[in-house]
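With the hints as extra help, turn the sequences into a complete structure.
Chains as they are written, first to last, in our numbering: chain Y, 1 to 163; chain D, 1001 to 1540.
Among the hints, erroneous ones may be present.
Said to hold, decoys possible - Taking lysine-lysine and the DSS-like style, the derived pairs with C-alpha atoms no more than 27 Å apart in a straight line are:
| id | chain 1 | residue 1 | chain 2 | residue 2 |
| --- | --- | --- | --- | --- |
| 1 | D | K1091 | D | K1392 |
| 2 | D | K1091 | D | K1458 |
| 3 | D | K1095 | Y | K81 |
| 4 | D | K1392 | Y | K81 |
| 5 | Y | K81 | D | K1091 |
Said to hold, decoys possible - One side of the interface only, derived from the structure: several residues of chain D facing chain Y at Cβ under 8 Å:
| id | residue |
| --- | --- |
| 6 | Y1194 |
| 7 | P1200 |
| 8 | V1348 |
| 9 | R1366 |
| 10 | E1437 |
Stated by the list, open to error - Away from chain D, derived, C-beta distances all over 12 Å, residues of chain Y:
| id | residue |
| --- | --- |
| 11 | A31 |
| 12 | D33 |
| 13 | S53 |
| 14 | Q56 |
| 15 | R57 |
| 16 | Q58 |
| 17 | L92 |
| 18 | L98 |
| 19 | G101 |
| 20 | S105 |
Just so you know, the hints here were simulated from the structure itself, not pulled from any lab data.
Here the structure is a predicted model, which means the values were calculated and not measured.
Cβ atoms here follow ideal geometry from the backbone N, Cα and C, with glycine treated the same way.
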Amino acid sequence: MMTLVTRRDFLKAGLGGSVLLACAGCVTAAADDEAEMLAAVASAVLAGVLPASPAQRQAAISETVAGVRRAIAGLSAAAQKEVGELFTLLTLAPARRLVAGVSSSWGSAGDEEVSNFLNRWRYSRFALLQGAYAALHDLVLGAWYARPEAWPTIGYPGTPEIF
Amino acid sequence: MGSNVRDLMREGLAAGWNHIDATRLSANLALEADVVIVGSGAGGGVAAELLATEGLRVVIVEEGPLWTTSDFRMREAEAYPNLYQESAARKTADKAVNILQGRSVGGSTTVNWTSSFRTPPETLAYWQGALGIKPLSAEAMAPWFAAMEHRLGVRTWAVEPNENNAILARGARQLGIEARVIPRNVRGCWNIGYCGMGCPTGAKQSMLVTTLPSAMAKGATLVSRLRAERLLLDGKQRVVALRGLALQADGIRPGNIEVTIRARHFIVAGGAIGSPALLMRSGVPDPHGLLGQRTFLHPTVVSAGVFKDRVDGYAGAPQSIYSDHFLHQHPIDGPLGFKLETPPLHPVLYATTLQGFGEGHAEKMRDFPHAQVTIALVRDGFHPQSRGGRVKLRGDGSPYLDYPLDDVYWEAARRALLAMAEIQFAAGAGRVTPVHEETPGFASWSEAKRGIADLRLKPLLCRVVSAHVMGGCAMGDSPARGVVDHRGRHFQLENLTVCDGSVFPTSIGANPQLSIYGLAARNISLLAADLLGRPTPAIL
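Next comes the structure, spelled out in structure tokens:
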């Protein structure tokens, strides 16, 4: 059976620093930083379905980020806190570089760099990072496919008109 | 809204039924009742109707909101945050199992997929033999199941299965595996396929349109969006009151307004995570350390096949075909068996369940109308090493389930992934993909057979989901072996009955709603006789 690794263990073992953890626990990600991070993640997760035109693409990403935030608002208080800590961690530049392995700022990171980060977490030997990947996966894809605008692209006719 | 669809709950509220939305309270409230029922799902709903029919004053407490038939618009974006625990994203402690569990008036019965199986005779025989719960024989339970089948319109589905289910039947037949038609609790079902978002026509005979309106028509009071915080005990033998905390406007966080309900008797029916958690928060005596232990999930693995013709897995009754073939390959306490069924396919549910992201994920999503999904519900809790999970409390008192997936489980999961792929290829699939992070899928059965044999089956690599939470307040033949007795009566507190899936001492080995209805009907009928000072009815 897999050994559970808490975030604290991970940071101590993996980085030798509890400074980042302390930071993530006591500050909240600025809304703009968080939106920039989520937009970069959404762009990579949704590669293959985003519209080609830059303006439409930008609008679709913004709507998805807004959808992610609405989804988080519906989670339990405990889950909201966990996700909040994850986002805060990712928006702190040192953590972004060391834990996520993304050297560019979120605003300038390309899909390839973000995809590599997502795959590292997806296949990580740390359950904490695998779980964080799964959260990003579910939040972004859930927000995207909840939108009626996304349905024609997958051949889904939408909910039936029954009344 | 068409005039041919009735919304019994809304009509009743307009006629003056007693409903308190706790988020609207501006001051503390004290209520009195004969019986308080915590939870309005399968157990609480049945209890409410039976007790209100006997003329007892009943108060039903529900943490989720009151959504009624005309609120259901078949939108995942509305249904998951409003009708499910933790927005349908409830996870086990290590995040390896995603749990679908209801959280609105009607509990999981409002959002389940209507499959209605009696408790399998082999499960009851195991409880009787290995666990000493002698009174619950298949014969003794049969009249209670029959009564609830009658009450809730349970009938074997007489309409053609949708293609998603027909493929399961076809593939199984090709391989000589028996597959059968599922009994469903519906009346006048329109065969639309959106049961999981609340039935928009009122056809599903959930508690929301059956027992709860019936109880409220007889004077029962419903308090929604109230978190049952703790039972207040008088010494160590009796419960005197329930203290609830009104949720704030977000429907998630409790505020400062308290609702205290005093009663003669207390029924806990908050589901297999909520019920043990309430007893733990209340400091209910637990001399043998059994509370919250042995919580089961039917941990489920998922296999997606792609077919040449359209499947349209979102349309039509979501579950109509099943196979129990693989439950009967070994003794019940041997290697874990599994039940095969199908889930409905909806864009959010499917997209979030599928592995991967980016172009690879997009490609799979483009096959959406051609995708058929089969699920294998693994029967946990019988094998000596299959001990399930444990409900624990966070610092804020909210519960979570720690359920380690072990080798005994993964051995069964591998057999299940193989069985599902073989059936899907036998039915004509062009490609089969187990939902697992390390496989792109397979183009033939021979490829799948080799590939699945080599898959690393581990938490968070192999997708595991659950829609059935059972156990945690297990019944037993003595206080050393159970939290409650076979009637759901708490062993230490004389006026406390547990009445939901938490009393099951193992998993059920089938979708559990009818098991809960039947046992609740039996146990609350006996309780009603006690409360009214009548002789206990002679039951088998």
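message = Name the hints, by number, that the structure is in violation of.
response = The structure breaks none of the hints.
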